[in-house]
Structures are given as structure tokens and as C-alpha cells.
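Student: From first to last, the protein sequence lines stand for chains A and B.
Just so you know, we're using the numbering used here here: the first sequence kicks off at 100 and counts up by one.
Just so you know, we're using the numbering used here here: the second sequence kicks off at 100 and counts up by one.
Take the hints with a grain of salt, since some may be wrong.
Each pair may be met inside one copy or between any two copies, as identical chains are not told apart.
[Stated by the list, open to error] Capping the alpha-carbon separation at 30 angstroms, the derived lysine-lysine pairs in DSSO-like fashion look like this: (1) K224 - K309; (2) K309 - K148; (3) K152 - K185; (4) K224 - K431; (5) K314 - K200.
If you are wondering where the hints come from, they were derived from the structure by calculation, not from laboratory data.
There are 2 protein chains.
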Amino acid sequence: MSENAPIDIEVILSPTSKINQVDFESITFGSTFSDHMLQCDFRNGSWEKPIIKPYEPFLIDPSAKVFHYGQAIFEGLKAYRDAHDKLWLFRPDQNYDRFNKSAIRMAMPEVPREIFLDGLKELLKIDQQWAKGGVGNSLYIRPFMIAIGSGVIAAPSTQYRFMILLSPARSYYSGTVKVIVSEYYSRAANGGIGAAKAAANYGAQFYPTKLANEKGYQQIIWTDDATHGFMEESGTMNVFFRVNDTLLTAPATERILDGVTRKSIIQLATDNGMKIEVRPVAVAEIIEAAKTGELKEIFGAGTAAVINPIVGFGYRDDYYELPEQADSFALKLKSQIIDIQYKNAEDPYNWTVEVPLT
Amino acid sequence: MSENAPIDIEVILSPTSKINQVDFESITFGSTFSDHMLQCDFRNGSWEKPIIKPYEPFLIDPSAKVFHYGQAIFEGLKAYRDAHDKLWLFRPDQNYDRFNKSAIRMAMPEVPREIFLDGLKELLKIDQQWAKGGVGNSLYIRPFMIAIGSGVIAAPSTQYRFMILLSPARSYYSGTVKVIVSEYYSRAANGGIGAAKAAANYGAQFYPTKLANEKGYQQIIWTDDATHGFMEESGTMNVFFRVNDTLLTAPATERILDGVTRKSIIQLATDNGMKIEVRPVAVAEIIEAAKTGELKEIFGAGTAAVINPIVGFGYRDDYYELPEQADSFALKLKSQIIDIQYKNAEDPYNWTVEVPLT
Chain A
100 MSENAPIDIE VILSPTSKIN QVDFESITFG STFSDHMLQC DFRNGSWEKP IIKPYEPFLI
160 DPSAKVFHYG QAIFEGLKAY RDAHDKLWLF RPDQNYDRFN KSAIRMAMPE VPREIFLDGL
220 KELLKIDQQW AKGGVGNSLY IRPFMIAIGS GVIAAPSTQY RFMILLSPAR SYYSGTVKVI
280 VSEYYSRAAN GGIGAAKAAA NYGAQFYPTK LANEKGYQQI IWTDDATHGF MEESGTMNVF
340 FRVNDTLLTA PATERILDGV TRKSIIQLAT DNGMKIEVRP VAVAEIIEAA KTGELKEIFG
400 AGTAAVINPI VGFGYRDDYY ELPEQADSFA LKLKSQIIDI QYKNAEDPYN WTVEVPLT
Chain B
100 MSENAPIDIE VILSPTSKIN QVDFESITFG STFSDHMLQC DFRNGSWEKP IIKPYEPFLI
160 DPSAKVFHYG QAIFEGLKAY RDAHDKLWLF RPDQNYDRFN KSAIRMAMPE VPREIFLDGL
220 KELLKIDQQW AKGGVGNSLY IRPFMIAIGS GVIAAPSTQY RFMILLSPAR SYYSGTVKVI
280 VSEYYSRAAN GGIGAAKAAA NYGAQFYPTK LANEKGYQQI IWTDDATHGF MEESGTMNVF
340 FRVNDTLLTA PATERILDGV TRKSIIQLAT DNGMKIEVRP VAVAEIIEAA KTGELKEIFG
400 AGTAAVINPI VGFGYRDDYY ELPEQADSFA LKLKSQIIDI QYKNAEDPYN WTVEVPLT
């Protein structure tokens, strides 16, 4: 069955749905996908007509540039059901803008707004049953683009594929998180691609993270590669430090991802009257604050977990446990963001965008 | 048709050959592939039986980790026909060893020697007609490995695919090469993956290289990301500088690829009695040498072009043209390596390895 949607998307509906085979109570993050996906190819200098079709493997040449030269970028955002069964996106414009910034940095074509955002809404309308209600439940959205042109010569591809996948997610609890401050490995170079949401930035972290895991840490706090003297990110999240009642987080330089949750936290903290400083955060000042007891909290910020409190961190031969806080800034900010995302609170920022379901 | 080769490879021969459709005189590097390819999957903690089969696209899940997290590595080497129609590899052990070093850094499984090297020889035996005679002609070999496990969560895959592709190549002439010394962009971080032949390192270079192209330069000389004060690589090649009669090249640190051509040049130059210094090469000393006329040559070193002479370089607002050398070290070393590769000279190092053709 094929029909034209309003924004000129070809739609091929799956004859059956997998939804009844899915146990939504025991979903592992990122492992279950909805019935359909969006696909749009770039050839001969322009984007072809997007298509929504059943989720399925596709054929690709073994010499496709994505396999050999890592031309691949992605985004991550979520759709949330409110108490009235309406469906909402959280700041999708931010993801759209960042996606195209990543595209430019990786010498890939920018994706038009209507393909990314209108295409996403159309896909969500079709697979809306995959977005379950209840705070914590969400439908994780993975737009991505890969170089599908063939040829093993190190030059940009002329052909690309943009896709959107949908993956139902439960409330994200990653267990107790301890992190280790990196003294050797790093995730980004000055003048590199650290600020891009490029696939390349992630695979490069797996080995150092494995070494950290072996030492009993779940994640790494990445430091600047030149001096390892400044805190940059935690695992795949931005990182915040609370020293006394001041929040500290690194500026979004070319080495650091300009996270949507990060900037939402900065806004909310400011409007809460919290003191927040966006500036380079020295490892030395955090160690000193941990020793004097002035370091109250550390937390990661990202789409998957929203805010991920860190219970302690390792640095060189020492481990610093963080005391539990009665008035945790992390938990306060997390509940404020979640309340906005699920429409349980005012949204004075107009961060939420409704997805038409009919 | 399926049969077992000595090292337990399944072989499915193509019913027809594309070879007569190929104009070997007008081949673009990396764009034509032979009739067969080797494929071997890693699942459930071990490598399955390798298969040689017709070159063709394969099916892959849109959530495959290679698309989202850049777990992908490769190698590049060549097979050469000598004047007696024998086929030779050049230092394949080096590529094999480096491939597994790259695998470790990208948290991927190491590939067993017999799959990589014996598998390659078996593939070359089958597609031997694709390796044409004549100095300059070669069969470029592209072993690579990608993460094929599915799931959009940033953690190492549990499933991988190792493949070898063969691509006939002509003598590589890249035209007149001018390079610009990078003052902002960089290819590798301290504690990053610069020394690994990871796909991620290449796509990240495309955009800065495009900017260099727009300024009239074909490639970038990458400098260290922290200070941009030291010369590291040129484009996708290692780089050598000749100041008076001394060759200078950077040590193979964790930021720099330990090139096979690079180490062969160091060996040959040493045995030629040339002065060679493997040490950090300051941008300032090269600029100074260019101004005084002591800078005689710059050249890139890599498998594709062997040695690629550079005619001039840009730095800040200045362009430095290099004078033509009657006794070019680059050309002397290049012809020595090529003579060994094509068996037109003694190979005192045992660098060449014969490929059994029957």
C-alpha cells in the first residue's frame, strides 16, 4: 500500500505490526524498534523523495564510504506522552540545527527541515502506538545519516542516506554511577570533531571505557587532551559539578557537544536562582573541593537519562565518594525538566512541540 | 559451486567474470572491484568460517553499530606482479599486526592470522587475473572490519564482519601537490585514535581538506592539536622533510599512523647512508629552513602513491615553493621501494612475500 502524505512522503505501511510481540515492561534501551522507519537518499546533488516503510535491513555495497571513512552522524531525542495521551517532542529544533552542524563538519549534505522534522512527525503519527504513556516511558528517536557512495578512496561520498528510527524506551536507570577522571585517553582534539554528533566520537571511547569498567568505574570523565587539567564530558553526556551552591560546567567549545539537556539545565538553573558558571572547570579545583567537602554533586546530562547523578569519582590513586544531598540540585532539575517534557508543568520556554496524531 | 580450500574457507565462485568489462588503462583508484571478496563474521565470541564469494552488496540492519558509533577499521596494501608473472605482497605482516592494534583500540575482536593472511592469499589466487603486470600496476587490497550488531546504545557491538576487497590500481599520480600547514584543524587527539587505522580518522578530515582545496591546496599538513607547532602527517600519508641532506619525520606516537611505507623509507634511507632523524619536527624550523633555502624537499609516504613529492606549502599568509632537486631523495627512495616491490632489485629485508597462484 502506498500513498502520498502531505509533505510528499511516500508511505508503505507494514502489513502487520510487531507491537504485540514486545514486552514494554522489559525493554533494553535502544534494542527494540517500531514498525516503520523513514529513509531519504541524497544523489546527484539533491535529496530524493523521502519514504516511510517497514523497518528492515537494507542492501549496501561493501565499499560504501561509511564503512571505510566514517562519514556518519546522528541525533537522539524523545517523544513523550502526556496525561491526556497527547504526544510531544522536546526542543526538536535544537536537534535539527545540531544535526546540520554535524553534517557540515563531516562534509555531508545538510538535511532539509521538512524531511527531518515533518518527516519525523509523519513517522510518529504512523507509529504512535509505540509511544507508551506514563512518566519515564518515551519513544527514543534516532535520526542519522551515512555515506552510501561506493569506493575506497578517502574523499567525501556523493551519495548519502538519511534515516529515522524509533525505539521505545523505559525510564532510564543506569545503576550507581562511578566515574574516573581520564589522565591519558581523550575523546576530542582541538580543531577536531568533538562538537559534532559524529559516529566517530563514540567508537573511539569504547576501549578506554572498557578499561575504566575493569577498574570498577562505569564511565570516564573526559578531560582536555592537551593537559588533562580540565573536565569536559562524562561518558557520552555533558557534566555538571556542584561546589557549595554553585553549578559549574564547561563551555561548549569545539571539543564538547552542545547538549540540548545541558542548555536546558543552564536555563532552568538560572531561572531557579541557582548560581551557575559556564567556564573551564579545572580538575584541581574539583579535587580540592572534594577534599574540603565543598563538592556536593556531580551529574551527567543527556537525552537518554536526562540527568544521571554520579556517586563518586576516581582520580589517580584516590577515590572520592560524594555525600548524599537532601536538597539535590540534580534531582530538582531533573524533575523540572521531566515535568516540562511530560506536560505536568508550565512550559514558559516553549520547549515542547506537539505531534499531530491524526 | 562450493568447495573447501586448505584453510577451511568456503568458496562460492562467481558464474561469470566482470574482468572483460574493465578498461584497465583508465581505472580510477578505489572504484573498481574484482569478482570476489572475502567475508568472515564474528558472533557469539568467535570467528565463523570465512567465505569467499562474488563481490556484491549485503544486507545490514539500519541500527548496526557501525552506522551509529563508528566501530570500523581498515588496512591498505598491494599485490604486485613481477616480470615473471609472479605475484607478491609487500610486508603484509605489518598490515596484519597494525590491523589488530587498530581492532584493540576500537574495542573490536582481533582477526586471526589465517583468516587475514591465508584468506587474502586464497582470494588473490582466485582473482589473480585482476593483478596486471607492468611497473605501476597493482592490485590494491582493502581488508576492513565493521560492527554489524544492532542497537542504538553506545557500547561495543557483539557482532562484527571482516572483509577483504580487491581493487585494481594503476600507477598513482596525484598531480602537483601543494599542502597547507594546519593552524586550526587537527586529525588526532592525545590519547585518541590517531595511530589506529580507524574509519573515524578519515571522515573527520574531509571538511578541513575541502577548505584547503578552496584555497588551492590539495592536502593539509596536520600539526599537533595542542600547539599546532609540530608537523605530523600530510593528508592521509606520513610526511618527510629534507633539510640540506637530512631527512626529518615525526615519531609514530599515539597521534600518528605507523605507516608501512614510512618505516620502509626509514630503513632504506639509513642503509643508503642518508642522515635521518625521527623526532618531533617543529613548524618553526621548517619555515626557517624554507627561508634560508635549506629546505630541499617535502614528501608524503603511503601505500597508494608510495612517495608523493610536494612542490610547495602554505603557512599563514605565505607560500613557500620548493626548488626542484637534481638528486631528489624522494625519487631515489621511491624507485628503491618500487624496485623491491616489483622484484627488480634484491630484497635484503625479506619484505616481499610470494602469493601462490596454483
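Student: Okay, which hints does this one fail, numbers in order?
Tutor: 1, 4
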